[in-house]
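Q: For reference, the chains in residue letters:
There are 2 protein chains.
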Amino acid sequence: MNDAEDNVALDELGELGLVSYVDFVSREPFLYESGSEIPGFSLRYETYGHLNEAKSNVVLISHALTADHHCAGINSLQDRKPGWWNNMIGPGKPIDTNRFFVICSNCLGGCQGSTGPTSINPETGRPYQLEFPFVSIRDMVKAQKRLLDHLGVSKLHAVVGGSMGGMQVLQWAIEYPDLVERILPMATTSRQGSQAIAFNEVGRQAIMQDPEWMQGNYKENVGPRVGLAIARMMAHITYLSDKGMDMKFGRRRRSKNSDTNFSFDVDFEVESYLRYQGQSFINRFDANTYLYFTKALDYFDLEGQYGSLEKAFEGLQSKVLVIGFTSDWLFPPEGNREIVLAMLRAGKDASYAEIALDFGHDSFLVESPDLYELVRAFLDSD
Amino acid sequence: MNDAEDNVALDELGELGLVSYVDFVSREPFLYESGSEIPGFSLRYETYGHLNEAKSNVVLISHALTADHHCAGINSLQDRKPGWWNNMIGPGKPIDTNRFFVICSNCLGGCQGSTGPTSINPETGRPYQLEFPFVSIRDMVKAQKRLLDHLGVSKLHAVVGGSMGGMQVLQWAIEYPDLVERILPMATTSRQGSQAIAFNEVGRQAIMQDPEWMQGNYKENVGPRVGLAIARMMAHITYLSDKGMDMKFGRRRRSKNSDTNFSFDVDFEVESYLRYQGQSFINRFDANTYLYFTKALDYFDLEGQYGSLEKAFEGLQSKVLVIGFTSDWLFPPEGNREIVLAMLRAGKDASYAEIALDFGHDSFLVESPDLYELVRAFLDSD
Numbered sequence: 001m002n003d004a005e006d007n008v009a010l011d012e013l014g015e016l017g018l019v020s021y022v023d024f025v026s027r028e029p030f031l032y033e034s035g036s037e038i039p040g041f042s043l044r045y046e047t048y049g050h051l052n053e054a055k056s057n058v059v060l061i062s063h064a065l066t067a068d069h070h071c072a073g074i075n076s077l078q079d080r081k082p083g084w085w086n087n088m089i090g091p092g093k094p095i096d097t098n099r100f101f102v103i104c105s106n107c108l109g110g111c112q113g114s115t116g117p118t119s120i121n122p123e124t125g126r127p128y129q130l131e132f133p134f135v136s137i138r139d140m141v142k143a144q145k146r147l148l149d150h151l152g153v154s155k156l157h158a159v160v161g162g163s164m165g166g167m168q169v170l171q172w173a174i175e176y177p178d179l180v181e182r183i184l185p186m187a188t189t190s191r192q193g194s195q196a197i198a199f200n201e202v203g204r205q206a207i208m209q210d211p212e213w214m215q216g217n218y219k220e221n222v223g224p225r226v227g228l229a230i231a232r233m234m235a236h237i238t239y240l241s242d243k244g245m246d247m248k249f250g251r252r253r254r255s256k257n258s259d260t261n262f263s264f265d266v267d268f269e270v271e272s273y274l275r276y277q278g279q280s281f282i283n284r285f286d287a288n289t290y291l292y293f294t295k296a297l298d299y300f301d302l303e304g305q306y307g308s309l310e311k312a313f314e315g316l317q318s319k320v321l322v323i324g325f326t327s328d329w330l331f332p333p334e335g336n337r338e339i340v341l342a343m344l345r346a347g348k349d350a351s352y353a354e355i356a357l358d359f360g361h362d363s364f365l366v367e368s369p370d371l372y373e374l375v376r377a378f379l380d381s382d
Numbered sequence: 001m002n003d004a005e006d007n008v009a010l011d012e013l014g015e016l017g018l019v020s021y022v023d024f025v026s027r028e029p030f031l032y033e034s035g036s037e038i039p040g041f042s043l044r045y046e047t048y049g050h051l052n053e054a055k056s057n058v059v060l061i062s063h064a065l066t067a068d069h070h071c072a073g074i075n076s077l078q079d080r081k082p083g084w085w086n087n088m089i090g091p092g093k094p095i096d097t098n099r100f101f102v103i104c105s106n107c108l109g110g111c112q113g114s115t116g117p118t119s120i121n122p123e124t125g126r127p128y129q130l131e132f133p134f135v136s137i138r139d140m141v142k143a144q145k146r147l148l149d150h151l152g153v154s155k156l157h158a159v160v161g162g163s164m165g166g167m168q169v170l171q172w173a174i175e176y177p178d179l180v181e182r183i184l185p186m187a188t189t190s191r192q193g194s195q196a197i198a199f200n201e202v203g204r205q206a207i208m209q210d211p212e213w214m215q216g217n218y219k220e221n222v223g224p225r226v227g228l229a230i231a232r233m234m235a236h237i238t239y240l241s242d243k244g245m246d247m248k249f250g251r252r253r254r255s256k257n258s259d260t261n262f263s264f265d266v267d268f269e270v271e272s273y274l275r276y277q278g279q280s281f282i283n284r285f286d287a288n289t290y291l292y293f294t295k296a297l298d299y300f301d302l303e304g305q306y307g308s309l310e311k312a313f314e315g316l317q318s319k320v321l322v323i324g325f326t327s328d329w330l331f332p333p334e335g336n337r338e339i340v341l342a343m344l345r346a347g348k349d350a351s352y353a354e355i356a357l358d359f360g361h362d363s364f365l366v367e368s369p370d371l372y373e374l375v376r377a378f379l380d381s382d
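Protein chains in written order, with my numbering: chain A, 1 to 382; chain B, 1 to 382.
Bound-form chain A, shown alone:
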C-alpha cells in the first residue's frame, strides 16, 4: 500500500509513487471448479487510495494473462517502469485513487506471489508444478472474493479489466450480482474462439516440447526458457496489429546493410523487438503458469457454461460498459459487441463503445483520451 505522506509531491504530479504489495493468506480449503481441492492459498495484492468509511469506493482491477497485481506506481526507487496500468490508475487519473480504493491481486495460479504451480504443495513439501489443479476464470474470481471478504468489502463500485481480465470481470458480475455495481470489461470475449485456442496451443507446444520442460518438473531459474520465449514472441504479435506494427517498425533494418547482406541473424527492427520481448519475459514468468492460464482462457465459454449468453447474464444487476477496439484481431470488436447485445436482449443496463486505435489487442493499455474519458464517465455514473 502506498504511503501517502512520502508521496505528496508525486501525488501533485498525478503519480502514486512508491507502493508495496501485501500477501493475503487463506487457510480455508479451496475447492476448484474441477473438483480438486487445496488446503489454502495466498494471493499477492496491492491497493491504492483509501477505503472510505462506507467501504463503497472499491474498484477491483482484474489482470490479463501475463500481468500481475502491480498495476500502478513503483515498488522501489530503482524501478525503471511503473505498474502495467499506471497511465489509467493514480491520483486524478481515470481510475482516480483520490476517490477510489483500488485493489488488484495476482490471480490464483499465478507466478508473481500468489499460489500457483511454483508454490510448495504442503502435502508433499515440493512445488505443485503439474499437480496444481486446473484453474478456471471462475476459480480466479472465487479466490479474489475471499480476499474481498477478508478486507471486509461487500460492495464493488466497479470491476475493471481487459483481455483475460475482461473475462474475470464478466464472471464477477455473473457470480456475485448483488456485490458488483458496475463492470467494465474491455478487449475481451464471452467465449474463446478457435483461432485464439490455436495460438495458445502452439505456445503450449513450444513450452512442452522444450526438453527443459521435463513434464513440468523443471527446477527454479531453469526450465523451458527457449519454448517460453517462442510462445511469448508469437503471442506478442497477436497483441499488436498489422497496421500498428507497420507504423512502429515497418521494414526498418537495424544496420545500414545493403540488401545483399543477408543472414539469419537479427536484421529487421521487428525481429530485434520480438527477441527482446521473448528474453525479458522468461526472466519474469513461469512456464507452467503460462500453460495453466492459457488453458483457463481456452476453456472460458459463457455460452457453453450457461446454455446461452442471455442465460449467463439473466441474473446480472451491474451496470455494464463493454469497450472494444477496432484493430483488436485477437478479441475482435464484434465479440465485445456481442456481449452487450446479449445483455440487452436479457433486459440489462449495458452499453458498448468501440474505440478506433491501431494498437491491436493491447489498445486497452495505451494512452488514449477517448478511453480515459469513457472510463472516467462510467465510474462517475449513477
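Please note that a few of the clues may not be correct.
What the hints assert, rightly or not - Here are the simulated lysine to aspartate or glutamate pairs, EDC-like style, with alpha carbons at most 20 Å apart:
(1) B:Lys248 to A:Glu53
(2) B:Lys248 to A:Asp301
(3) A:Lys248 to B:Glu303
(4) B:Lys248 to A:Glu303
(5) A:Lys248 to B:Asp301
(6) B:Lys243 to A:Asp301
(7) B:Lys243 to A:Glu303
(8) B:Lys243 to A:Glu338
(9) A:Lys243 to B:Asp301
(10) A:Lys248 to B:Glu354
(11) B:Lys243 to A:Glu334
(12) B:Lys142 to B:Asp265
(13) A:Lys243 to B:Glu37
(14) B:Lys243 to B:Glu338
(15) A:Lys155 to A:Asp301
(16) A:Lys219 to B:Asp301
(17) A:Lys243 to B:Glu303
The hints are simulated quantities; they were obtained by calculation from the structure and are not laboratory data.
The hints should help you fit chain B onto chain A, whose structure is shown.
A: Same frame as chain A, now just chain B:
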C-alpha cells in the same frame, strides 16, 4: 509429364491422372543476387498438356513457401492426394491442360528435388546446409528462366501463382517484360510487411533454437523436427482466418469429456488439427529450406528495390490481373489492390478482383467458382 494414352479415362473425368517429374540440370555457373555463385543447379519440374508448335501456349505456375513442382495429377496410384492445385489445373479446368502446356518447378533453394541446402556442394562433397547462398525471389525466377530456355520457350502465355508464388509472378513481369504476356498474382504483396516478418522470425527462432538444428548441420532424417513443427503450426494459423476456423472447428472437443476433465493433452479439435499439420510437415520439408524461403519472403520489397512501385512496374508489358481475398490477413486485400493501383498510375493494363471467401490466405487454393471464372476468362483474354 503425363502419359496421354494411359489417361484417356481420367481425361474424360477432367483429371490429369499419373504425372511424373523431370530434373533439369544446368551446368552453367549461377550468380545469385547476393553476389554468391554456385557451379550449377538442378530444378525438378512437371509439365502437363502439350506444347503447341508455336510454343505459345505455356502457363508457368509459381509455387508458395511450402509447396512444390507437383501441382496437379498424381505421381503414383498409391498417392492419397493429388498435386496442390489439382482443382485449378487439368483437362477442362480453369487452367485447362487441353489448351495449355503447364510448367511448374520446385524453386531454387527448395527441398523437393531442386538444388537447395540439402544438396551436395560439389566443392566440398557435403550438403550445402548453411553454405547455400541466400536465395531471393529474383533468384528463383532467374533459375526458372534457365529452365524455360532449355525447353525452348520464349513466350509465356501467363505466369500464375499465389502468396510467394505471386511475388515470383510479379518479378517475372518486371525482369522479363517481353517474355510474359499475362500475369495473375493472387493473395500476395509487393512488399513483406512487419507482421509477416515477425511471424516468420518466430518460426525461424523455433527452428534455430531447437538443439537438433546444430547451426544447420543436422543429418538427413533428423534435425530440428520439434522447432519445424512449431513453426508450421503457427504459420498454418496465419493461412486461415478467425471466421474460417470458427466455422471449421469452433470449440468442438475430441472427446465427450465434461468441462471439468482438464488436461494439457490435445482436447479441442483445432489442437488436434494443428498437431497433425505440424507432424506431417516435418516428414516432407527441410528446416533449412524453411529458413531460406522465409528470408526470401522477408526481403521481398519491390518498393525498396526499385525506389517506388511505379518505377518497379514502369517497364511492364504484361496484361495483369491481381486477385485478393477478403479474409486474407497475412497478405490482406489492400496490399493486393495497391499493386494494381501502382500499375495503373504507371499507365499499365491492370485489373484487380477481390473475392469474398472466409478461408483466409489459403483462399486461393480452395474450390471457388468465382476464382475459377476469373482465371479462365483472364487466360482467354487477348
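Q: Taking the hints in turn, state whether each one holds.
A: Evaluated hints:
1. Between Lys248 of chain B and Glu53 of chain A the alpha-carbon distance is near 54 Å, which puts this suggested pair outside the 20 Å criterion.
2. Between Lys248 of chain B and Asp301 of chain A the alpha-carbon distance is near 18 Å, which keeps this suggested pair within the 20 Å criterion.
3. Simply put, Lys248 of chain A and Glu303 of chain B have alpha-carbon atoms about 18 Å apart, close enough for the 20 Å limit, and the pair holds.
4. For a cut-off of 20 Å, the pair hint linking Lys248 of chain B to Glu303 of chain A stands: about 18 Å separates their Cα positions.
5. The hinted pair formed by Lys248 of chain A and Asp301 of chain B meets the criterion: a straight-line CA distance of about 18 Å does not exceed 20 Å.
6. Taken as a hint, the Lys243 of chain B and Asp301 of chain A pair is honoured in the structure, with Cα atoms around 17 Å apart against an allowance of 20 Å.
7. At most 20 Å may separate the alpha-carbon atoms for a hinted pair to count; Lys243 of chain B and Glu303 of chain A meet this at roughly 18 Å.
8. The hinted pair formed by Lys243 of chain B and Glu338 of chain A meets the criterion: a straight-line CA distance of about 15 Å does not exceed 20 Å.
9. For the proposed pair Lys243 of chain A and Asp301 of chain B, the alpha carbon gap of about 17 Å is at most 20 Å, so the pair holds.
10. For the hint linking Lys248 of chain A to Glu354 of chain B, the alpha-carbon distance of about 28 Å lies beyond 20 Å, and the restraint is violated.
11. With a C-alpha separation of about 11 Å, the suggested pairing of Lys243 of chain B with Glu334 of chain A holds against the 20 Å cut-off.
12. Restraint check for Lys142 of chain B and Asp265 of chain B: the C-alpha separation of about 47 Å exceeds 20 Å, so the hint is violated.
13. Between Lys243 of chain A and Glu37 of chain B, the direct Cα distance comes to roughly 38 Å. Violation of the 20 Å bound is thereby established for this hinted pair.
14. Proximity of Lys243 of chain B to Glu338 of chain B is assessed by CA-CA distance (about 25 Å); at most 20 Å being required, the pair is judged violated.
15. Straight-line distance between C-alpha atoms of Lys155 of chain A and Asp301 of chain A comes to about 26 Å, which puts the hinted pair past the 20 Å bound.
16. The suggested pairing of Lys219 of chain A with Asp301 of chain B is violated, with an alpha-carbon distance near 45 Å, which exceeds 20 Å.
17. Between Lys243 of chain A and Glu303 of chain B the CA atoms are separated by roughly 18 Å; this keeps the pair inside 20 Å, and the hint holds.
Violated hints for the displayed structure, listed by number in ascending order: 1, 10, 12, 13, 14, 15 and 16.
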